[in-house]
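Chains as they are written, first to last, in my numbering: chain A, 87 to 465; chain B, 87 to 465; chain C, 87 to 465; chain D, 87 to 465.
Note that these hints are calculated values from the structure, not bench results.
Be a bit skeptical, because a hint or two may be false.
Same chains, same names: a pair is fine if it fits in one copy or spans any two.
[As the list claims (entries may be wrong)] Straight line, CA to CA, 20 angstroms or less: simulated DMTMM-like cross-link-like pairs of lysine to aspartate or glutamate:
(1) Lys89 with Glu119
(2) Lys376 with Glu264
(3) Lys90 with Glu348
(4) Lys184 with Glu266
(5) Lys138 with Glu393
(6) Lys359 with Glu264
(7) Lys89 with Glu151
(8) Lys89 with Asp163
(9) Lys265 with Glu358
(10) Lys137 with Glu365
(11) Lys138 with Asp163
(12) Lys363 with Glu348
(13) Lys138 with Glu427
(14) Lys265 with Glu277
Note that the structure is predicted; figures quoted are calculated from it, not measured.
Each chain is listed here by its residues.
Number of protein chains: 4
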Amino acid sequence: MNKKIRLGILGGGGDSLIGVLHRVASSMFDRYEIIGGVFNPNYDENLSFAKKLGLKESRIYKDFETMVDQESKLNSDERIEVVSVLTPNFLHYPMAKKLLENNFHVICEKPLTTTYKEALDLKKIQSEKKLVFAVTYTYTGYPMVRQMTKMIADGVIGKLHKVDAQYLQGWLNPVIHEKEKRNSTWRLNPEKSGISCCVGDIGTHAFNMVELVTGMKVKSVLADLNTLYADNPMDVDANILIQFSTNMKGTIRSSQIATGEENNLRISVYGEKGGLKWEQENPNYLYHLKDDAPLQVLKSGHGYNNEISLDGTKLPPGHPEGIFDSMGNIYKGVARAIRQESFASEEFPSIEDGVRGMDFIEKTVESNSKGNVWVELNK
Amino acid sequence: MNKKIRLGILGGGGDSLIGVLHRVASSMFDRYEIIGGVFNPNYDENLSFAKKLGLKESRIYKDFETMVDQESKLNSDERIEVVSVLTPNFLHYPMAKKLLENNFHVICEKPLTTTYKEALDLKKIQSEKKLVFAVTYTYTGYPMVRQMTKMIADGVIGKLHKVDAQYLQGWLNPVIHEKEKRNSTWRLNPEKSGISCCVGDIGTHAFNMVELVTGMKVKSVLADLNTLYADNPMDVDANILIQFSTNMKGTIRSSQIATGEENNLRISVYGEKGGLKWEQENPNYLYHLKDDAPLQVLKSGHGYNNEISLDGTKLPPGHPEGIFDSMGNIYKGVARAIRQESFASEEFPSIEDGVRGMDFIEKTVESNSKGNVWVELNK
Amino acid sequence: MNKKIRLGILGGGGDSLIGVLHRVASSMFDRYEIIGGVFNPNYDENLSFAKKLGLKESRIYKDFETMVDQESKLNSDERIEVVSVLTPNFLHYPMAKKLLENNFHVICEKPLTTTYKEALDLKKIQSEKKLVFAVTYTYTGYPMVRQMTKMIADGVIGKLHKVDAQYLQGWLNPVIHEKEKRNSTWRLNPEKSGISCCVGDIGTHAFNMVELVTGMKVKSVLADLNTLYADNPMDVDANILIQFSTNMKGTIRSSQIATGEENNLRISVYGEKGGLKWEQENPNYLYHLKDDAPLQVLKSGHGYNNEISLDGTKLPPGHPEGIFDSMGNIYKGVARAIRQESFASEEFPSIEDGVRGMDFIEKTVESNSKGNVWVELNK
Amino acid sequence: MNKKIRLGILGGGGDSLIGVLHRVASSMFDRYEIIGGVFNPNYDENLSFAKKLGLKESRIYKDFETMVDQESKLNSDERIEVVSVLTPNFLHYPMAKKLLENNFHVICEKPLTTTYKEALDLKKIQSEKKLVFAVTYTYTGYPMVRQMTKMIADGVIGKLHKVDAQYLQGWLNPVIHEKEKRNSTWRLNPEKSGISCCVGDIGTHAFNMVELVTGMKVKSVLADLNTLYADNPMDVDANILIQFSTNMKGTIRSSQIATGEENNLRISVYGEKGGLKWEQENPNYLYHLKDDAPLQVLKSGHGYNNEISLDGTKLPPGHPEGIFDSMGNIYKGVARAIRQESFASEEFPSIEDGVRGMDFIEKTVESNSKGNVWVELNK
């Protein structure tokens, strides 16, 4: 059966950046049709926005509860099959929970929840319900991230002994140095943003990338966080040592005060037979280093790439694809899972990735508050 | 009125690369709805493909003539408003002509036609009908191409005196050296591909880029083409000198036998006050050179860019956008034109750009066949 | 007085890489003449090598003691004025000590000594004798390192809040994984190499660069070292958190098992007004980042650079200079100091830099052996 | 016999850039000793400068004729063996001629002479005398240029079919637009600078590089030169088509009005099996392209490079060497030739390279003045 998957959306209305990213991604492979949703808490704005998208008024709901309620009454060949949750972080948990309980597949923005406990709870329900659940760590959809992951899994660079990851931004620099500004930014308000700003928002992306590409679990973390000002309760910069169960070690460095940096996520992995490096801002290149051999630069779209990497490229080499295409690949993977087609686990981040992320955030903050000591992650 | 524009598509079915590019581009800003078309000459394949896209069977036509016929009978609020022509080159002219005559707006893949004469004819009809007509020189939609164009128009680098453009590919290298392969490739068959392979296919992109960003018209060309083998009738490599009406000079170099090159389109423009350089394979950067000043690297999405550049970026700096996004920007501009909203001429290439391209191809071939002499383009 | 400075050399004979580096550097600005030395412990080889350099036999000594003895008897306008110490690490201390005591200026390879205590002792003698003493942290002589240092001192990027430094090599990867190889490498033998391999050899370069360019002192370190194999007593990889007395924090990451890396020393510094980044492998570029402004790439040799940077460039912009030129700049600064001409302290690393380096090595090892805790450096 | 070669120098005194380049280069491998010369037409300045270099007063000559006269009277183990000619262009010919006639080896700056005829004359004398004669096309000494040359000679990229070379500078931009400035610049004065400015000064470097790395001779040129202003008699920009005797074609583009460019010499060569690209501003990298294979980046100093490339690197990979080191390699090759040791012809550019360069300049100017027609070079 090749009918399009009926997609519902929560949040992402108006000028929302995350909204356009998910909508374009969902349309890329002709697998989804946006059927209904609640794009905005204000009903008039919701209605006007959703109509522009071409939705029928009957499927534009006044709130989340109504949507679940009404959709659940529809026939199975009519009702929304999967819902993208793009609402503020604190709403992820209650919404995702109710969606699962009512048998909807879920695509959820990161962070999965606001606490590790909530994340575990969601995972429990998801595994009982056996529904598809994706957490949109967007950068994992890039073809060369997939290529890197597969090459490491295939042993191309041998047994790993070192990883070095960073995610550097500078956008808080114009905010942090003025008391009034920093005290009125929602990202620096624990009530709105959770226990961590920098680690929670971007460090967690780097952590996910580390575990994805290495195929290994981080065992413990030792973190030195910087709030920069005494009246700022939230980390804006983090230097984190990480250890795995073997002799493999590394760092995750994330910052929102690396002045002038844009979205500088990078990861380098070194093993007995070689090294691999990838940079988000130039995502179509993968650098392969070896002892005493020329540096090799792999580029997306070439026949020498793995099948899963090539599956994520739509045009021939030299036609740059970007972050919309990366998210599109995640949606494609989810579509396959929903339609019970064959797919690889690397095609989209799972709820387990979301759970690991929440554990990482909490343990990092714990390590820092205890005076920069090692704290073990849950297994 | 904000109803979506009803889009028809000719060609681009199955695994067509150009098909997915146009479809994704049309969906990016929620401005179009694909309503009908003929995606494939084989009706069964056409039907099956179009159904997957979610089209109603009644709008999936058995051929182009039927489509024009049937659509013309529909009410003005139902019928297709604009048609994307993605068929083989020799069909562009007859299809576009008939579409214009029947009052459809047209989005046409390049090259516009197979001869300059046909192109002029189309332009005549279009200007009489006052319909929107875009020629999809895809690379013009990149934000940093727009930025470059506007900076030059604003005089940032002063009066221009030099331009250097290249479009290097290597894909014909594995084909050209074996007689059997080169004699059976459609691109090297003049009957299918027109009078030029390399200049027609990619040199014309570089030419369009030159005229777009400089805002100036090329006055004459002197070309040295290479067919590499005597039994190959078509150019696979071109070195072209260009002159403008002032003292400004330059080159356009294009090749399909630059072994190992992918899609290496670059343009450098130098004037009295500075230089600007852009590279298609890293499209989100623009290099600004000045006498005795640090090199400046402008990046897409920043507030320091021009309005028209920023209009072409959907996410903040550091989130790479690519060729799908570039084509999406072209479709957005066309939507504005169709809906008679305000738009800048740089938002999409016009039929005049298509006409210039055809003239360039013919004059380049003429220069070469006459022994590498200067040939003037029409004004 | 502009007579050339009479230079003596200890070590660096035969194919020694460090030997050629120092000799070429000393010749670059016509300030030195190599007069005498002991290039090799084997007298015949010493003699034959030194003759090739054009030295008189009477100044080619059979050992260090003889050289000091004989030179000391010569007239002040004949005797060696400054001696470059290029011998194995454990000889730096006794040789430099005796040279100072006998009134020779000293240019000493890093590490200054094998212990912090020895380093302090040397510094005491040097300050009593008021002799010129340079420690050749070679990378500090690059024009763009000097530019970076001066820009930060001038407040161009404002108050600093973050530093990120790395020095990644891969050369031990082909050695470390075979028991026999790793047990027979002198670098991994504490008796020959001191208490640290990776931190001592290259981490200390990164540390020196951090203190040089920021103009600030590291207050404490927390280190996680990796020996990779239980039978290897020495660190081959180090992840080090650093803190300054203010809220400024950072990392120093150094490795000799970053497979395929060559000599990847990089430093990034971020402050309230901007960021600056420099990479040793592309030393003629300096990247200047600012909030919402184009990236600026400064290049060596341009008039917009500071005086001290320009003093280190011999040719116009676009003529790459390298590591020999960097060392040449250090020798030029030392020549000015010896001749009591005016010079800036940034022109060459001092004995204080050597002392700090030894403290850093010892505290880093201490932090690791105590279980990754913060250890304060001496003031 | 391993005594140092006795080197004389003509010109290059005071702050001369070319002077420091040759002096440092000559000292790099301990093969030369500067013995005498005429560094400056003003005898006092000459004397004072040469003394600073450490020369004996008896070998500091008042003029060129005296030097040849006096040196010729000295014993063969005392007299200067080779002379570096660093004087203004019009003096190259008479000086080199007289030096050859008096049995001195010669190292001559480019351009070899001011006319092709003079160049031929010099070549005749040199071949009769069988003396060593090098023309210092400095960029040919880079290790990765040597690597590229050897790889092509070894057939690594197969039969060649395309070459693309450029040498872009912008330094005349601040000069050319003001009548007074452009009329008073010696480079734009044909009496001082010869028949060509841009082609003569830098186009010729690109031409030499093309013939060196391809191992092929250019058969004919078609040039479009730009003087930009009617009252300027000299080219400041050149777009040149080139053809070889086979189907191989290409371009040489050189400019001194490419605003903001520094010393941007690049060459790309494409053949049946691959492509190779090199850039002077990042000279330690060589890019190797192949159909459907990852891009390979070769770096200087690695064991995978050819012997002749490795012979030109003094330190391990990752320690950047630059233009002084490149010139040093040329001097090393010349030393081997003078001492009749084994050497490869690629180690230094010969008088034949100088002759070809003069022919190229004259034919390029001829092509332009005849209206951009093909002109054949001499064989």
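key: Which numbered hints fail   = Failing hints, ascending: 3, 4, 5, 7, 10.
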